[in-house]
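Taking the hints into account, I'd like the entire structure generated from these sequences.
Count the sequence shown with this note's numbering and you get residues 511 to 1419, in order.
Since the hints were made in silico from the structure, they are not lab data. It cannot be assumed that every hint is accurate.
If you anchor each label on the Cβ, the simulated ranges turn out as follows [stated by the list, open to error]:
#1 S836 with T1053: 37 to 47 Å
#2 E1023 with P1240: 24 to 34 Å
#3 S768 with I1130: 41 to 51 Å
#4 F806 with D981: 41 to 51 Å
#5 L1184 with L794: 53 to 63 Å
#6 A1185 with S768: 37 to 47 Å
#7 S768 with P1301: 52 to 62 Å
#8 F806 with P1240: 37 to 47 Å
#9 E1116 with D995: 34 to 44 Å
#10 S768 with I1345: 29 to 39 Å
For lysine to any residue, the following SDA-like pairs were computed, each having C-alpha atoms within a straight-line distance of at most 20 Å [what the hints assert, rightly or not]:
#11 K1196 with P1256
#12 K816 with Y962
#13 K702 with L1305
#14 K964 with S1076
#15 K1112 with T961
#16 K1112 with L1066
#17 K1196 with L1242
#18 K1291 with L1277
#19 K1317 with I1306
#20 K901 with S648
#21 K1374 with S1314
#22 K1042 with R960
#23 K901 with V869
#24 K818 with T870
#25 K1196 with Q1174
#26 K1112 with V1248
#27 K982 with S1089
#28 K1374 with T1346
#29 K712 with V1413
#30 K1112 with L978
#31 K786 with T1053
#32 K1088 with L978
#33 K1387 with G933
#34 K702 with F1417
#35 K1026 with E783
#36 K1291 with S1314
#37 K930 with E752
#38 K1105 with L1066
#39 K964 with K1075
#40 K901 with L991
Remember, predicted model here, so these are calculated numbers, not experimental data. Cβ coordinates follow ideal geometry from the N, Cα and C atoms, glycine included.
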Amino acid sequence: MSSRHAMMVATALIAITLCSPAVAQDIKSTDAAAKATAADEANADDPTLVDTVIVKGIRGSLDAATKRKKNAAQIVESIESEDVGKLPDNNVPEALSRVTGVQIERIHGEGTNITIRGMQGVATTINGNSNTVGEGRSANLADIPAELLKSVQVYKTRTADQVEGGIAGTVNVELRRPLDLRNGLTVAGSVKNVYGSTGDTKSPYASLLIGDRFDTGIGEMGFLINGSYTRNNYEEDFVESESPNTFFGTTQASLPVSQQNIIAPYAVNYGVETGKIIRPSINLVGQWRANEHLDFVIEGSYFGSKEKRARDRLHVTTRQDGHTVSNVVLADDDRTVQSLTLSRAAGVDASAQSYYEDVTSNNYTTNAEMHWHNDRIQINASTQYNWSDTKYYGVLTLSHFLDAGGNPINTVNVDLNSDKVPGRGPYITFPTTDLSKINNYQLFQTHDERTYAKSHEFVAATDATYRLSEDKFFRSAMVGLRYNDRHTTRDYGYRDTFPTSGLANFAQGVGVERSKLEVGNFSPSWYHLSGKDIMANLPAFRTAAGWDTEKPPSNLGQSYVDDEKSLAGFVNLNYGVKSRFPIDGVFGVRVVRTKGTIESTKYSIEKSPTPEDPGRVVVIITPTTGGGDYVDVLPSLNGVIHFTPKVQLRLAYTYNIQRPDFLQMSSWKTIDTLAGRVDSGNPDLKPNRSQNYDASLEYYFGRGGIVSLGAFLKKPDAYIYWASRTEFVPELGKDAIVSKVRNAGPGTFQGYEFNTSGFFDFLPGKLHNFGASANFTYMAKATIEYTDFTPEQRLIPGVFDADSTSKYTYNLALYYDTPQFSARVAYNYRDRYKITVYQDNPEYSPYNDATSRLDAAVNWTPLKQLTLSVEGTNLTKENNNVYWGQNRMLPLGARVQARTIQVSARFRY
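Right, here's the structure in full:
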């Protein structure tokens, strides 16, 4: 961390700690303040209070989150909505980026890819029930609109009654229910428009909630309908390079002996991504509280995502066989190429590539619950039936560049470390062609592919709690069962053709577009077929491409049918010790048996066995079946030591499991007997399991005030990754290169967290409406023991660094809150992190540079029923830069990210 960032954090922490009454006690001593503190302490002991009101304003949101954290059995952080339809950010991952220990990535103006305390593998639940989409093990939280949420919780530790899965932790999305609302009719909604600086995009958002809560002769009832429509229109420009390694073949042989081991990227790209993501969502709920002992819930939800995106690239292959390399400039290490010239008489491998993709996700959930209790016993029962599907269809066209004489261009210059790119990156020049002339393009390849995945899941669960005593060691016991039956299928296919024609008039109704890159100090542009026109005129395009079917045929090796069943039973024992420092907590164990089968296909590529046709290659297709049957015992121990009513220490031990994805453990296999190579799934893949140790010291003060310090140690084993390795292949009877997903050895994730927030209640007048928050996460160690490296590779700096883990992450926020006016300024910083381990050349594994965001929001409530807001994100227009190697061997590239300004109105009645 730079000294500038360290100074920012230190200054913020000192200022925010002053919020604490312990520091400001000489200033704040009025009877009114004492009464307010007493009332807050009383409310904090009532966990149901959070669930029976609609939280409004920043102060109320922080207060609700603090109460939830203080009273939870687990170590949990939460984001509570400030109003109906109002989280602090536009989507769930963006909101969670403010949470201590959570790190996210961003693309297309949205947050995505959550990690918790440096670890990937996050389980997702909705109202406590597991939720997955398509072939995945979790849901895409970006598809769940913030407008529908009551709160979001991040569980860093777990108790035995929580659904297993998610080695990093669990994110629970809590949707609103009608009995959370006040009596009578509630109508609330919002409209918003987001303006993006890149591409001048405009994105509308809208939501509406209608709920009614009323008494009848058979008890209290409530009904709620909550809907949302969002459309994210985006544009992002980028430059990038791919896969650095040594040259090969005749290209390598043509180099001087002293340069035959130099390192260069395989390819470089300019790119422009444009598209729109439409997300319709709805939640329907009915509740019936028959009496004070018995209540029922029935609810159903739909979360949809429909994306159409164009990804247009200018592509140059820089490390290809058959080329001549000249004008090589090396870095100071005399090994990494900084710039070069590529030549080939038959034409260099340079092209305009246009992808147009249609991506759809539909996620349907249903849930029915029953809750009964008396003075000593509580019984809960629920059942869910969920179904979902994901569909992908994409078309790719590639065009070569021609010179003025109509011949393929034979020369290209590439500067791999140009200062024309913000943060440095690749810069391409073509000395023998003019890309502004459409006649200098020749179409040479068309490709399309499709993926369809669907999932059906049935869940039945029940649990019972018996209160044993008020003052003995064991206070209550909870037992439960959960049965899960999930059926998942995946169907994949692709095809290619190789036409040779000009771009103009290739297919009826398919026109030509021009993409223009706006990055740094240059603005290259190039032509390509219009993806929108292709999708609008697919029959004509298929005819021109020579395809005689609507969609590509199935590739059986990448398709599968899976059935997975699990049965879990658990016991929780809540305990308590009365002493000078009271102790309470919960000890539990969850036992899960998982059994599944996966049907897929084995391909064998061989020479024809027919003597009269010895040169022909044949593919032998054989059905295969794999699966697993294993039992996991997942103990957990959570305890809280209460030093005072305001100061407590949490200690926890948990054991977590992350099951492999279905395709990863599929038995598919492709055996290329001619090349001596195998690609496959891995039916012997083990789940990733982790033992976790946590501690959290917490001090609560005032209304929503907290100072906490946490430490954690996670010991995962069997991390899942893709690698190629030479090993014996029975079908070949010899050693061959086998590429598949594998289990790594043990890992270690160790770190510390600091969090504080509160309002300056000790200040006079309107100054007491100011508040602030800060949190800081330090990862002291985050490593995975990969087993595929040579002794020399094991000495490479950072070779065992865990993926997607930043050493430092912090958030700073300053806010002002009254019923009529509120404002917030927030800053998020994430240190650099390794994107993935590059198995072919681990010294050049890709790293994402440090990222930061400055956001601000202003809310004005001129009427009790209306709030107007203006918000801005990425106000300083920070871009995303990536480079190769922990020691920054070479820039990978940059992605330009937009500044957004949004205006909105929220109404309530």
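(message) K1317 and I1306 were given as a pair; does the straight-line alpha-carbon distance stay at or below 20 Å?
(response) holds (18 Å)
(request) Measure nothing beyond the straight line between the CA atoms of K1112 and L1066; if it is 20 Å or shorter, mark the hint as holding. (result) Holds, at about 8 Å.
(request) For the pair supplied as a hint, K818 and T870, confirm whether the alpha-carbon distance does not exceed 20 Å. (result) holds (9 Å)
(request) Determine whether the Cβ-Cβ distance between S836 and T1053 falls within the hinted range of 37 to 47 Å. (result) holds (44 Å)
(message) Hint check: K901 vs V869, CA-CA at most 20 Å. Holds or violated?
(response) Within the cut-off at roughly 6 Å; holds.
(message) Taking 53 to 63 Å as the stated bounds, is the beta-carbon spacing between L1184 and L794 within them?
(response) holds (57 Å)
(message) The hint says 41 to 51 Å between F806 and D981; measuring C-beta to C-beta, is that right?
(response) violated (34 Å)
(message) Verify the CB-CB distance for E1023 and P1240 against the hinted window 24 to 34 Å.
(response) Given a distance of about 51 Å, which is not inside 24 to 34 Å, the answer is violated.
(message) Does L978 sit within 20 Å of K1112, going by the straight-line distance between their CA atoms?
(response) Violated. K1112 to L978 sits at ~57 Å, over the 20 Å cutoff.
(message) For K901 and L991, compute the direct alpha-carbon distance and say whether it is at most 20 Å.
(response) Given pair K901, L991 is violated - Cα atoms ~34 Å apart, limit 20 Å.
(message) Hinted pair, alpha-carbon criterion (20 Å max): K1291, S1314. Please report holds or violated.
(response) Distance ~13 Å between K1291 and S1314 Cα, so the pair holds.
(message) For a C-alpha distance cap of 20 Å, please report whether K964 and K1075 respect it.
(response) Since the Cα atoms of K964 and K1075 sit roughly 16 Å apart, the hinted pair holds (cutoff 20 Å).
Consistency with the previously given hints fails for numbers 2, 4, 6, 7, 8, 13, 17, 18, 21, 28, 30, 31, 38 and 40, ordered from lowest to highest.
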